[in-house]
Amino acid sequence: MFEWMARVWGAAAVVFGLAGAAVPRRVIDVAERLVLVGYENPEELEPSEWYVAAVRAKFGLVAVTGAVVLALEYADFGDGDANGPENPEATDA
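Be aware that the sequence shown starts at 1, since it is given in full-length UniProt numbering, and climbs by one per residue.
Treat the hints as calculated values from the structure; they're not laboratory data.
All C-beta atoms, glycine included, are put in the ideal place defined by N, C-alpha and C.
Take these hints with a grain of salt, some might be off.
What the hints assert, rightly or not - The following label-pair restraints were derived from C-beta to C-beta distances: (1) Ala12 x Trp50: 23 to 29 Å; (2) Ala67 x Val35: 25 to 31 Å; (3) Ala12 x Ala54: 30 to 36 Å.
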């Protein structure tokens, strides 16, 4: 019923994962604005290089995970359904 949702979420993970891996500082800036809204001068905070690398790695893993989901969704393993049209003798009587 919801097979298309896995494809949509997989594609979204690939797109946002690649975007986040390409520009991690931009992602961190957006997160700072959302999370540090109550602070006086959040723009003065500067993320450490290890944190930027961790954000890049995280979004890279998100993109890879989305690609794996899409590959599994579109893969044709050839085993088919035992009760499907490929095996008409295996019908329940």
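| task | Hint by hint, work out which the structure violates, then give me just those numbers in ascending order. | result | Structure breaks hint 3 only.
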